Amino acid sequence: MSLLNAEDLHKSFGKTHALGGAALTVRAGEIVAVMGPSGSGKSTLLHCIAGILPPDSGVVRYGDRELTSMSDRERSELRRTDFGFVFQFGQLVPELTCLENVALPLRLSGMKRGNAERAAKDWMAKLEVDTVADQRPGETSGGQGQRVAIARALVTGPKVIFADEPTGALDSLNGERVMHLLTKAARETGAAVVLVTHEARVAAYSDREVVVRDGKARDVEFAR
Amino acid sequence: MNHVISDLALGVRLAVGGSRKSWGRLALQGVGIGLCVAMLLLAAALPNALDARDDRGDARSKVTEGAGPAPVLEEEMYVHFRSRDIPGTYVNVRAQNAPVPPGLERLPQDGEVVVSPALAELLASPDGELLRPRFPQRVIGTIGAAGLIGPHDLKFYAGDSKIAESAGTKVYGYGRAYERMGLDPVLWMLSLVGIVVLLFPVLVFVGVATRLAAAQRDRRLAALRLVGAAAGRVRLIASGETLVGALTGLVFGIGFFFAVRPLAGEVPIPELAFFPGDLLPAPSLAAVVLVAVPVLAVLTSLFAMRRTIIEPLGVVRHQKPVRRRLWWRLVPVAGGIALLASQFGDTGEKGTPFQVIVITGVVLLMLGIPVLLPWLVERVANWMRGATPALQLAVRRLQLDAGTAARVVGGVAVVLAGTVTLQVILASVEKDVVSEEKRDATHNFVALTPKDDIDTAGLRTAVAGSKGVKAVHVLDRTYATDSNDRTTNVSVGTCAALKAQADVTDCVDGKAYRVRFARDVSESEAGEVLMIQGRTAWTLPALQEVPGTSPGIYLTPAAAKGIDFTDGRPQFQAELDLAVPDAAEYMRNSIADYTWRVHAYFVGQDDSAEVELIFGAIRRALLAGAVLTLLLAGASLLVMALEQVRERRRPLAVLAATGVPRGTLARSLLWQNGVPLVLSTVIAVGTGIGLGVMVTRVFNAEVAYDWPGIAALTVASVALVLAVTALTLPSLRKATGALGLQSE
Chain A
2 MSLLNAEDLH KSFGKTHALG GAALTVRAGE IVAVMGPSGS GKSTLLHCIA GILPPDSGVV
62 RYGDRELTSM SDRERSELRR TDFGFVFQFG QLVPELTCLE NVALPLRLSG MKRGNAERAA
122 KDWMAKLEVD TVADQRPGET SGGQGQRVAI ARALVTGPKV IFADEPTGAL DSLNGERVMH
182 LLTKAARETG AAVVLVTHEA RVAAYSDREV VVRDGKARDV EFAR
Chain B
90 MNHVISDLAL GVRLAVGGSR KSWGRLALQG VGIGLCVAML LLAAALPNAL DARDDRGDAR
150 SKVTEGAGPA PVLEEEMYVH FRSRDIPGTY VNVRAQNAPV PPGLERLPQD GEVVVSPALA
210 ELLASPDGEL LRPRFPQRVI GTIGAAGLIG PHDLKFYAGD SKIAESAGTK VYGYGRAYER
270 MGLDPVLWML SLVGIVVLLF PVLVFVGVAT RLAAAQRDRR LAALRLVGAA AGRVRLIASG
330 ETLVGALTGL VFGIGFFFAV RPLAGEVPIP ELAFFPGDLL PAPSLAAVVL VAVPVLAVLT
390 SLFAMRRTII EPLGVVRHQK PVRRRLWWRL VPVAGGIALL ASQFGDTGEK GTPFQVIVIT
450 GVVLLMLGIP VLLPWLVERV ANWMRGATPA LQLAVRRLQL DAGTAARVVG GVAVVLAGTV
510 TLQVILASVE KDVVSEEKRD ATHNFVALTP KDDIDTAGLR TAVAGSKGVK AVHVLDRTYA
570 TDSNDRTTNV SVGTCAALKA QADVTDCVDG KAYRVRFARD VSESEAGEVL MIQGRTAWTL
630 PALQEVPGTS PGIYLTPAAA KGIDFTDGRP QFQAELDLAV PDAAEYMRNS IADYTWRVHA
690 YFVGQDDSAE VELIFGAIRR ALLAGAVLTL LLAGASLLVM ALEQVRERRR PLAVLAATGV
750 PRGTLARSLL WQNGVPLVLS TVIAVGTGIG LGVMVTRVFN AEVAYDWPGI AALTVASVAL
810 VLAVTALTLP SLRKATGALG LQSE
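For the protein sequence lines, the chains are A and B, in the order given. If you're matching positions, the first sequence starts at 2 in this note's numbering and goes up one per residue. If you're matching positions, the second sequence starts at 90 in this note's numbering and goes up one per residue.
Mixed in with the good hints there might be a few duds.
To be verified - As a list, the in silico DMTMM-like pairs of lysine to aspartate or glutamate whose alpha-carbon atoms are at most 25 Å apart:
hint : chain 1 : residue 1 : chain 2 : residue 2
1    : B       : Lys650    : B       : Asp565
2    : A       : Lys16     : B       : Glu467
3    : B       : Lys823    : A       : Glu140
4    : A       : Lys217    : A       : Glu78
5    : A       : Lys185    : A       : Glu210
6    : B       : Lys650    : B       : Glu736
7    : B       : Lys540    : B       : Asp565
8    : B       : Lys251    : B       : Asp140
9    : A       : Lys16     : B       : Asp490
Since the hints were derived computationally from the structure, they do not count as laboratory data. Computed from a predicted structure; not experimentally measured.
Construct all of the structure, not just a fragment, from the sequences and the given hints.
Have a look at this one:
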């Protein structure tokens with residue numbers, strides 16, 4: 002049973018064609034690595050299937066709902082409740098403390114501050130960043146920042162986590178640690194992970210690899 | 090509803106993030122918006138302050154209707170001293186319970202005088218030495234604020250028991266409401282344009298201050314979008330964030346206003362000095378300011394972040410900027426020109442053009458500057474090629490983002506354009522007035538008109554003996570009315586007497602002259618029958634047109650046959666020696682004993698200086714306003730320039746790390762500010778001159794240009810941008826250091 006299904010996605014930025022008929026299927030609970038060289042369109046594919054960027058044409062389905070025909074408000078709600086995001090950097094709000102950052106999606110969903118922060122603290126503990134709860138993102142190390150971002154992505158109990166080069170700005174040791182915690186937490190909660198990376202070392206944490214070349218995705222058929 | 094409150098609260102939380110950076114940003118916003126709010130509150134307080142002046146003027150005006158014998162008899166008289174006119178009231182108090190004007194404890198008796206604090210100060214100063222002989226009375230007190238128009242009001246009440254019931258004005262009380270007279274059309278226009286052009290940039294700066302650190306804010310809000318905040322909620326969060334800045338600005342602004350208010354009485358220009366207590370904004374106007382500033386701030390901020398709202402990754406993925414369109418940017422310019430052109434020469438029924446049209450026209454043209462500038466900067470940047478690495482860096486940066494650069498200098502451009510506009514209008518008005526005054530300056534005399542039946546022989550002797558008086562002539566004066574009901578003065582005197590007033594070089598007895606009105610006013614022609622004082626018919630002889638100080642008909646005795654002067658009063662002309670400084674003051678002192686009984690009016694060199702003083706005062710006020718607004722613009726410019734350096738810290742650090750010399754980066758920064766600056770200066774001076782010409786044309790006046798003034802302001806604006814660039818260099822140095830490469 003596929004959770005997320007994208008068909009024949011096309012997306013251009015001016016004269017640059019980022020996607021030219023890409024397709025991707027993500028099943029519930031699986032970890033999919035989207036690989037490919039720089040400029041191949043893997044990040045654009047992730048943004049399109051996550052409902053951040055609307056494709057020029059093609060269809061993205063999430064369960065039985067068509068993502069590509071949803072309004073901005075509906076897609077926003079979906080991002081808040083069902084999806085989680087981890088990017089290379091810049092996704093945390095620098096003015097808020099790490100705890101407030103993690104609690105933010107819950108508070109946007111209307112949860113009371115106390116409850117939201119309690120849930121946030123649990124996730125921060127699981128990701129071993131509870132020590133920086135009261136610090137601002139700028140005061141933490143790169144690895145700690147990424148783990149705070151993962152905690153934030155997981156706090157709403159998402160069905161899918163989208164991770165775009167989550168270890169791109171980290172050294173190998175910190176990268177390993179982040180990937181270990183991300184995949185462990187995803188497997189515990191049953192969340193699917195769409196992982197964009199160009200590093201084989203990172204892709205090794207996935208169940209399945211998809212290679213994007215010239216804007217088209219192709220499954221690499223092997224199971225780990 | 091809960092959502093709305095919690096989203097606004099989140100915005101507030103983001104604004105007061107608690108870090109030094111966010112507090113600093115909030116403080117900068119507060120100061121920027123606060124300065125604007127203070128200026129707006131000052132402007133909002135002006136109507137009240139002017140009303141308070143009028144009210145006090147009304148309160149001290151006399152009531153002349155009443156029954157029975159008047160308790161007070163009054164004679165009013167201006168004491169002229171150099172370029173100042175000191176209004177005085179001579180009173181003869183005839184009853185114990187006589188009414189007392191506001192600000193006085195009692196009316197002065199014979200030999201006593203009550204003076205305003207400003208007059209007391211003048212009399213006590215070395216400057217007032219030549220004025221003291223005219224106040225021989227005993228000073229029994231000073232006039233309180235309730236009896237003064239403003240803190241620099243020169244005014245006195247003097248006792249004089251010789252004022253007779255037959256001559257003096259009967260006064261039964263003080264305080265009557267007069268119908269407010271509108272401003273003179275030219276002054277009205279100057280004030281109106283002044284307020285619009287000085288306040289418009291203030292509104293621009295509210296927008297600029299609101300957009301401080303906009304890039305960081307955009308990134309923050311894009312992150313919120315990413316975690317699922319819908320566009321509407323992000324708008325609410327952003328509004329909450331902006332509101333904190335705006336409300337901080339309001340608090341700062343109210344603080345600045347009350348801090349500056351006590352200085353209102355210290356302004357050295359009497360017309361612009363107010364009692365601090367009078368300077369209180371009208372509640373309705375204050376409410377407009379207090380509501381409009383946050384609303385404007387929120388709208389500016391929402392407009393600025395519209396792309397971020399649409400695109401959660403807007404700040405991550407940069408697309409090639411869309412080319413700006415010209416046509417809609419020309420709409421305000423064309424609209425402004427059309428509106429102003431429709432009012433050319435049409436001063437309306439009451440001599441005032443249709444206010445709304447003129448204001449709208451001025452505002453539209455001013456609006457044209459910040460609207461046109463980004464398009465122009467973009468076009469020029471696209472056309473430019475970088476000859477040197479520094480220029481290339483600057484040009485490429487401008488090509489990528491012309492809007493920020495244009496906004497940075499746009500505020501300065503609006504101030505410059507507004508001030509140039511005022512200078513052109515001022516120069517045009519001044520040219521008109523000074524040309525009349527210069528004509529007066531070719532003659533130097535004091536015209537003495539006895540007010541009462543006085544000993545004219547004694548007066549003449551006193552004047553003739555005064556230091557600096559060359560001669561004393563007598564003119565018989567009356568007036569004549571023609572069939573069109575046009576009235577003109579008729580003066581008869583010897584050639585020597587006429588020469589003091591007009592250029593009658595070929596004068597012989599029997600000749601008749603006319604000094605025309607300055608403007609083209611039709612006047613009676615030779616052969617027309619005029620009525621002298623409305624009762625004796627007199628045929629106008631052939632007149633020779635001559636330049637002179639005062640318009641009218643000037644006749645030698647032989648040409649004045651048939652004119653009856655029995656009801657006319659002779660006027661004495663005290664011809665002054667230009668070589669004697671203050672000759673007019675010595676002469677006035679020689680007739681000090683006559684007080685209100687002789688009206689002395691000086692025509693000559695000093696009057697020209699008086700005009701210069703008035704225009705100098707207006708120019709100083711204008712310059713002060715422009716400097717204040719330019720400093721405000723400079724502060725905004727500096728903050729935005731620093732913000733730009735901070736925003737681009739990483740690429741700048743990378744450039745420095747790869748070997749680009751800091752000098753190249755500094756020059757690139759200068760080019761980045763310099764190119765938009767040159768363009769904005771050209772567009773501002775062009776708009777300013779064009780707007781000035783058009784407003785002047787509304788009054789059918791001749792256009793004049795104050796080139797030195799325009800040049801000075803242009804240089805000041807250029808210097809401002811250079812200074813700002815210089816002040817950003819330390820920040821650039823810091824950014825290009827090794828720490829600039831750190832991302833967190």
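Verification of the supplied hints:
1. Distance restraint check for B:Lys650 and B:Asp565: the Cα-Cα separation of roughly 13 Å lies within the 25 Å cut-off, and the hinted pair is therefore satisfied.
2. With a CA separation close to 21 Å, the supplied pair A:Lys16 and B:Glu467 stays within the 25 Å bound.
3. Proposed proximity of B:Lys823 and A:Glu140 is supported: the alpha carbons are some 20 Å apart, at most 25 Å.
4. A distance of roughly 29 Å separates the Cα atoms of A:Lys217 and A:Glu78; the hinted pair therefore is violated under the 25 Å criterion.
5. About 18 Å separates the Cα atoms of A:Lys185 and A:Glu210, which keeps this hinted pair within 25 Å; it holds.
6. Taking the CA atoms of B:Lys650 and B:Glu736, the gap is about 89 Å. The hint is violated against a cut of 25 Å.
7. Simply put, B:Lys540 and B:Asp565 have alpha-carbon atoms about 14 Å apart, close enough for the 25 Å limit, and the pair holds.
8. Restraint check for B:Lys251 and B:Asp140: the C-alpha separation of about 36 Å exceeds 25 Å, so the hint is violated.
9. With a CA separation close to 20 Å, the supplied pair A:Lys16 and B:Asp490 stays within the 25 Å bound.
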